[in-house]
Amino acid sequence: MEKINKKQAGIILLSLLSINSFAQKIDNDSTLNRTVVVEQEYNPDILDASKINILPKVEEPTVAKKEIEYSIVSMPLSSFDTYQEMAPFTYPEKQQVAKRGFVRLGYGNYGNMDGKLNYLFRLSSKDQLGVAAGIDGMKGKLEFGDGKHRLHYYHSMAKIDYLHQFDRVDMDIAGRWGLRNFNYQPLAPLTHQRFTSGDVHLGVKSTDEMLPVNFDVETNLLLFSRVHNWTGIGAEADKVNESRIYTKANIKGNINEEQQVGIALQMNNLFYTEGYQDNYTSLQLNPYYEFDNEDWKLHLGVNADLSLGLGQTVQVSPDITVQYVFSDSYVLYVKATGGRQVNDFRKLEQFCPYAELLKGEKIDNTYEQINTSLGFRASPYPGVWFHLFGGYQNLKDDLYQLNDVLIGGVSSPFISIGQENSSNVYGGANISYGYRDLLNISAEGVYRHWNMSDEALFFKPAFLLNLKMDIHPLKALTVNVGYQYLQREKVVNERIASINNLYAGATYDIYKGLSAYVKLDNLLNKQYSYYWSYPLEKFNFIAGISYRF
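My numbering puts the first residue of the sequence shown at 1264, with every later residue one more than the last.
The hints are simulated quantities; they were obtained by calculation from the structure and are not laboratory data. Take these hints with a grain of salt, some might be off.
Distance condition first, Cα-Cα at most 30 Å in a straight line; then the derived DSSO-like pairs of lysine-lysine [unchecked claim]:
| id | residue 1 | residue 2 |
| --- | --- | --- |
| 1 | 1389 | 1362 |
| 2 | 1775 | 1789 |
| 3 | 1402 | 1789 |
Each pair of labels, with its calculated beta carbon distance range [unchecked claim]:
| id | residue 1 | residue 2 | range |
| --- | --- | --- | --- |
| 4 | 1567 | 1463 | 23 to 31 Å |
| 5 | 1786 | 1428 | 44 to 52 Å |
| 6 | 1761 | 1593 | 28 to 36 Å |
| 7 | 1534 | 1753 | 41 to 49 Å |
Quick reminder that beta carbons are idealized off the backbone N, C-alpha and C, glycines included.
Please build the complete structure, drawing on both the sequences and the hints.
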């Protein structure tokens, strides 16, 4: 790679100064979900809008030095991704020539429904257009303390994505619309709710790694509307709107073949309906240095977060990763990271859609002051990986569910969102084995001990056990089985009911792209919940057909 001369260094400096309004990294659940254009079978995950699980995320280092000799597990071995709606039901790619279209339709008990449509138009060798639409949700009677009550939760979406590939730069433009309709439990102060969202995205990214300066820049307009809101005085308020202009950039240049310097920037401008919350701007800067000689990988940086109009004005956290690879597939690493987590309407909906925002204190952004971990990952035998890790995390203004049950002396349960500083120590291990496309097995256990008030602890995860197995006994048949156990923290000798979910699924290829599938969930028929006062389905299933074309 080329070294940076004085002229190129000036170009980098001018580039950085010209885009200081852009940002590095958007929260997973606030980002515009864009179609990734790749040559592979399209088979989107089955998600259930009524099942949203939130756990701290455990990130694993990667090894680029050795080509791994085993099949990738269809559901990656890690803690649940933050705000992942439920474990996906996936299907392995089987054809060498990818199909551009995909349609799926399924139905089950509790009114569970699943519909997906996607098609990729290849307009030219450098122009691609993807369109997609989907709906999923449920409508059925769930058990409450005094009997059964009918709940529904539906999620609809449509999106379009255009990509043009220049010689050294890719440009993509995308748009997305989303709608969620659901109702509340019988005694709640509101009867039903509707969330509407809209996204517009424009991005530019360099694709030639031999350039002395590489960049990735994008801007997004994210709109969100909550139609019904309870003020706490016996009446519903008008809808509350949020507009978020999110911009980010990452620019880096090569010092030599092993070293790079760069800066990442992120800016959020948030605007709210008058009377809800003041508008504010959040700017995050992340200068960094990287070194990679295959054995050693270093990433040394710092997060400097500034806020105008909300919370603390300046916050600083580390951004450091040191990784050593030896014997090709043994990795020892240490990490120390942090940064601001923007609690916009989308993040709060995914944290708890039933929570009321107008009743209670205004919600500040969460700041991860430090998340430091030490780990060891190895592959002693082809197809086998194991990972041992432990660490400490400290959060300022961490979110938790607040369960209020009395309104003017009358029992009328509702959920609001509280905030409190928190910390936890954690440790865990996972192991996986894969043999070609025939068998994948994985097991993971993670323990956490939290330091918070009793009120905030109820839904915090104390122990996670996750077991998964995918088998391919016949050419046309794929089967998966899994078990998920999540124990919550004990509060004064009391715990919220643990998640105890045994699930299974299968897909059978009928004829030339036509498949039948079934997913069975909560086979143990247990009762548990992710939110105060809102039980989830007991044994439930979805069955349907999918077609690739």
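Indices of hints not satisfied (ascending)
Of the numbered hints given earlier, the structure breaks just one, which is hint 2.
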